[in-house]
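Novice: Chain residues, written in single-letter form:
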Amino acid sequence: MTEATASPGSTVLGRGLGRALPILTVLLAIIAIWYLAAIWMNATWVRDQAVRADTVLTTGDLIRQTLTLERPVLPAPHQVAAGLWEGIAGQKITSKRSLVWHGWVTLSATLAGFAIGTAAGVLLAVGIVHNRAMDQSVMPWAVASQTVPILAIAPMVIVVFASMGVTGLLPKAMIAAWLSFFPVLVGMVKGLRTPDAMQLDLMHSWNASRVQQFWRLRLPSSLPYLFASLKVAIAAALVGTIVGELPAGATSGLGARLLSGSYYGQTVQIWAALFAAAILAAVLVMLIGALERLTLRRMGLAR
Amino acid sequence: MSALPVIAVWIGAIGLNTWLSRFDSRATRLAVALIFGATILILWEMAVRIYAVPPVILPAPSQIGASFAANTAILWSDFVQTIVKGALTGWLIGAGAAIATAIAIDRSPFLQRGLLPIGNFVAALPIVGIAPILVMWFGFDWQSKAAVVVVMVFFPILVNMVAGLAATEPMQRDLMATWAAPYGASLWKLRLPAAMPFLFNGLKITTTLALIGAIVAEFFGSPTKGMGFRISTAVGRLDLPLVWAEILVAAIAGSLFYGIVALIEKKVTFWHPSQRPQRG
Amino acid sequence: MTVIQARDVSLTFQTADGPVHALKDVSLTIERGDFVSFIGPSGCGKTTFLRAIAALETPTAGKLEVADMTPDQARRQRAYGYVFQAPGLYPWRTIAGNISLPLEIMGFARADRLQRIARVLDLVDLAGFGGKYPWQLSGGMQQRASIARALAFDADILLMDEPFGALDEIVRDRLNEALLDLWKKTGKTIGFVTHSIPEAVYLSTKIVVMSPRPGRITRVIDSPLPRDRPLEIRDTPEFIALAQQVRDGLREGHSYD
Amino acid sequence: MTVIQARDVSLTFQTADGPVHALKDVSLTIERGDFVSFIGPSGCGKTTFLRAIAALETPTAGKLEVADMTPDQARRQRAYGYVFQAPGLYPWRTIAGNISLPLEIMGFARADRLQRIARVLDLVDLAGFGGKYPWQLSGGMQQRASIARALAFDADILLMDEPFGALDEIVRDRLNEALLDLWKKTGKTIGFVTHSIPEAVYLSTKIVVMSPRPGRITRVIDSPLPRDRPLEIRDTPEFIALAQQVRDGLREGHSYD
Amino acid sequence: QELTLQLKWVTQAQFAGYYVAKDKGFYEEEGLDVTILPGGPDIAPTQVLAGGGADVIVEWMPAALAAREKGLPLVNIAQPFKASGMMLTCLKESGITDPKTDFKGKTLGVWFSGNEYPFLSWMSQLGLSTEGGPDGVTVLKQGFNVDPLLQKQAACISTMTYNEYGQVLDAGIAPEDLVTFKYEDQGVATLEDGLYVLESTLEDDAKVTDLVKFVRASMKGWKYAEENPEEAAQIVLDNDETGAQTLDHQVRMVTEIGKLTAGSDGTLDEADYQRTVDTLMAGGSDPVISKAPEGAFNHIITDRAFD
Ligand SMILES: Nc1ncnc2c1ncn2[C@@H]1O[C@H](COP(=O)(O)OP(=O)(O)OP(=O)(O)O)[C@@H](O)[C@H]1O
Ligand SMILES: Nc1ncnc2c1ncn2[C@@H]1O[C@H](COP(=O)(O)OP(=O)(O)OP(=O)(O)O)[C@@H](O)[C@H]1O
Ligand SMILES: Cc1ncc(C[n+]2csc(CCO)c2C)c(N)n1
Ligand SMILES: [Mg+2]
Ligand SMILES: [Mg+2]
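Protein chains in written order, with the working numbering: chain A, 1221 to 1523; chain B, 2 to 281; chain C, 1206 to 1462; chain D, 1206 to 1462; chain E, 73 to 379.
Note that these hints are calculated values from the structure, not bench results. Since the model is a prediction, treat every value here as computed from it, not as a measurement. Watch out, some of these pointers could steer you wrong.
Dumping the calculated DSS-like pairs for lysine-lysine here, alpha-carbon to alpha-carbon at most 30 Å [what the hints assert, rightly or not]:
1) K254/E to K331/E
2) K254/E to K178/E
3) K226/B to K96/E
4) K96/E to K1312/A
5) K1411/C to K1337/C
6) K226/B to K172/E
7) K279/E to K295/E
8) K154/E to K226/B
9) K86/B to K176/E
10) K190/B to K1337/D
11) K295/E to K226/B
12) K205/B to K1451/A
13) K292/E to K331/E
14) K142/E to K279/E
15) K178/E to K226/B
16) K1229/C to K1268/C
17) K172/E to K154/E
Generate the whole structure from the sequences, applying the supplied hints.
Specialist: Written out as structure tokens, the structure reads:
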């Protein structure tokens, strides 16, 4: 009952802390569990090595060694952090070992795919809302399209595009677009259909044309839904790009970095690339969130 | 010139569908969707033949169909391995864990505020990165595929379930308070039923995720069966019709899986406005 | 002069549970400058009738004429303004923006729009609130804004479907007074749906009592009250008698819902 | 015997725009068997006061006693039934299931539950509708079901927050009669919020007129009307005089919304 | 003249010859502009060739012959690798010493995607089922790295002498703790890393001329790499865009690769070819190729390149 009431005297700082404190707590708990897991999962290897080398381990040795392995089963958090730091700040950003460089390669394809996917999703949604034949034909197959394991056939997609002369950023972007158009389509169809009967009747009573109806009623009403979908779509586009990068000659991008880490058993590199990708996703989602707040506030839809 | 028949079929199908869609009955709706799908297949077949696309690039639907018919035994065992053992088990475990977690943290807004942002972050981890790690941890058989699926579906379901548990109207909660309902009663009789539409939203989204996760995880190590295994080895052997037959299985299984969950949703949330037969 | 003319209008909805006879053989004549209230229990077809006049529904039988045209022609000529029970303002537009919307759609020039907005805001006593967003206003103010919107393009006919249903009694009294005032000033023809007997009696020159299943008109009562009606008129014996007459009409066609 | 006793009760909400004084120094005594109506413009604290009695809000100052206990103790003892403006039925339960819900929570045995459900369904004239789902019923029927639900466990106090606000006048009349009947039969103490002057006057033994900013009681009017009240009592001079008194009270504390 | 080469695997010293030829300007000297496309686990070079994404591919012969039977007319035009680098690497603690007796009931890691054929014929020669069970072996589709051995998920895994074996050592397991079975020693070796084109390419004289130049320059690159392992490793490293390789590993790889290319001037040895075909045809119930291929190799290019 009192959830909505802010306690008196709460400052901006206090509120920020109130938001950060739970996250920090959970984060600390996760890191603690992570350390324990790292010790536990790496212990077998350390023990085996000790047996192979005929040495006896104290518990202290065991723990120290499990947290400093070069090829750990599970790297310790500080190892991943070091790997991330090394990848982001320890290199010139033009270096091939720089996560910033690889991140940029991934980002550019992600954005291209996101743009294509969003455009396709919006256009299809407009068609579906305005054309009954399209509604009945496209919608069921749009659902089916997402059950195609695109990730599994990404290599073939790349080859097919290459055979049509399309190479470089675009094939990756197409895979990203395939994954991101669906949430946009669903959200946008829902959004364009939100105006209730009364609002549509009002438009009708003013003898508004379909175009007027679209620009002045349907589109503005759909924006909250669109933004919610865009957040899902951009994360999906990132995943699509990374997957598309694996077979695209596996040369650059976070996906290539992930896989090459995997070929050479460089666990720390995998985890660093993984976190870089997740951070990138989080940043992108946050950016869209900010754009959403800005737009909706200007439209008076967010209070 | 050679594009003429393609265009003719295309326009014909559009015309037919536009006409059919006007009736808007159950049967015509189905027919429209089927005609659309069939048109795409026909166009595909025509394009492959007219432009003589090599089968190692894109096989024709007829070749895929033939391969499907010739390899039913393989397809079935792959289906069992990947979808039944990997995807389904993982999905059930992940969903169960997510629901249990949602209920567990339901009483603690503190935990919710802490866990959900981190959950969103984890959900953004690309599976291609997680899969090799989980294969390393859980072995190469279906257990590791199930683990990948658990990781993929856990947070979307958790987020939906937490939102669902919070989705009761204040008036409904106040009513419970006026009856001095204990926590258990208001959870069981109010919040869980009210959460169902949200839960099913999460369950539906994750059906396709589960399939994709199980298939892709097989690229990182698997026994000698499974859909991901078959796809990657068949590409190596240039047996593209078999690859597409597997994709077909995945698409059918995915649509069925989605359809079944949607059907259960209809039964469970019959009362929700979106499920009720339209009045008037 | 007859503005709205219904002859044996019937309207049947085909639903999953069979046909619903929302209107059955409804005949009614409304003259220019009339203030006509429609009253009746839920489901008796008040809304349906008003919507049919506005060409938002099409009668399945009978003849309906609005300003000597079919309702749809009248709609295209923008012959009427329509006010719904809920204000239905667009949250992303200011009050002025909301009033401007139909004007934009109808292609009024910018200067003309501004002038009209100012005039109707004044008319509904909302001058100075044009720049506010709907959610910054109380329910009563929102409803007045939505009336202003329907007035802005100066249609001769104003159709209102329970415009004050959601407001409290005091606010309602004020708005009733304001509406009467507006009607006297502009001489518009008004069709008004309500559930409240005092409201119907207080406002109307003609009260149409309807009854459901099938929806039909059971009584048309012409009001003997003068056009000038202070709120206190509601305590006069004429008023009470008229109200009783309406109540009796209602009882006749009413069964426990 | 005093059932509800408020002494200088104040209740302030802390909001982003500063404190809102929903109630300020409210004192009131309600005797067993009273039918008390709360009337006043929107925002005057009627709902807040009722919720405070039901321990759904906690006063920030003053003393509030319900059946000689704190409101929260009374709530735990299930001393009252509460009816909200909207029916608030759970859509996944049938009408009978909805009425059964509080009984299940309170641990009534199955046989007893069935019997009580049948009795209250009868009382609100819904016998035969127990197996229907809420959305299959009209608004009036839903509201009656929600009243039945509040009656099922036989609390001594019945608190109702604009229970008939959304219904049309005729249905409302019927339900008013039924409610009076029930009250006479059971001798319950009833707290009733309404916006309608005739409703308040028709039903109550005591009318509490409130005014906003800050929310406070401006008048407490004891009704001279007899307990037996046919609907026609509303045309008697006593009734009209009483209504006028309430209206005056309302005007006093009212400013244009 | 422009030419695109599709590699079988990621940029590493396995392909040192081509990178050296490009970096040292050997291609340029021949008037060629060669683009080298790295491969990866999911790339089937044969498919890329069929799709027109490349003019020449580096492929293993089993996969190439299998594709040929599938109707893609691949032709071997040169064979820089004389010997096979494939082997099974087992942990000594698994108790495997003799393939004939000890594989039963064990789990073995195998690469698929067209690389499984030699393994399958080996098992069929040993009379072992690959369907698991006490009398057969359990086959695990090995991923891209040596984890299954380190995690003891498999008793043996497939390794290349020049790459994965080194990774096992790098991981900290001493050679004494390992047992290896080279395919060469087991008599089931098949030819690896040959250069393949489509038959139609050979009908075009201009293309043939380009290919002659290409093979000549590539072999020059290989010989240079054999003689200058350090420099070759550095060149490979410079060309690796993932930035995941280490110099030490690449130097070792160049050295090991040198042992495989040593016996070849680029010309395919027909005896090696025949041995490969025999091995593949012996593939038990499900042989890779059902009949001896014809015209699967061609000496035109190498003859013109080296006379
Ligand atoms: N679009 C529709 N489809 C089917 N039936 C409808 C539709 N609109 C209205 N009805 C039915 O027609 C009848 C008349 O409805 P209408 O809305 O005109 O009543 P009303 O008098 O306005 O009622 P209320 O006072 O509740 O607004 C009702 O039985 C209603 O259920
Ligand atoms: N939870 C809350 N938080 C903040 N302010 C509130 C809250 N609940 C009510 N108020 C404010 O308290 C005042 C009294 O509200 P209350 O709901 O009691 O009025 P009311 O008399 O019931 O009005 P109505 O007739 O509109 O129902 C109002 O100004 C309202 O905005
Ligand atoms: C999925 C997959 N796994 C293994 C190989 C075999 N392979 C061919 S070349 C090469 C590089 C040696 O280090 C390797 C491992 C493959 N082609 N695809
Ligand atoms: Mg209506
Ligand atoms: Mg209230």
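Novice: Now tell me, hint by hint, if it's right for this structure.
Specialist: Hint check:
| no. | hint | result |
| --- | --- | --- |
| 1 | K254/E to K331/E | holds (14 Å) |
| 2 | K254/E to K178/E | holds (18 Å) |
| 3 | K226/B to K96/E | violated (45 Å) |
| 4 | K96/E to K1312/A | holds (27 Å) |
| 5 | K1411/C to K1337/C | violated (37 Å) |
| 6 | K226/B to K172/E | holds (25 Å) |
| 7 | K279/E to K295/E | holds (24 Å) |
| 8 | K154/E to K226/B | violated (33 Å) |
| 9 | K86/B to K176/E | holds (26 Å) |
| 10 | K190/B to K1337/D | holds (18 Å) |
| 11 | K295/E to K226/B | violated (42 Å) |
| 12 | K205/B to K1451/A | holds (18 Å) |
| 13 | K292/E to K331/E | holds (16 Å) |
| 14 | K142/E to K279/E | holds (24 Å) |
| 15 | K178/E to K226/B | holds (17 Å) |
| 16 | K1229/C to K1268/C | holds (12 Å) |
| 17 | K172/E to K154/E | holds (27 Å) |
Of the hints listed earlier, those the structure fails to meet are numbers 3, 5, 8 and 11, in rising order.
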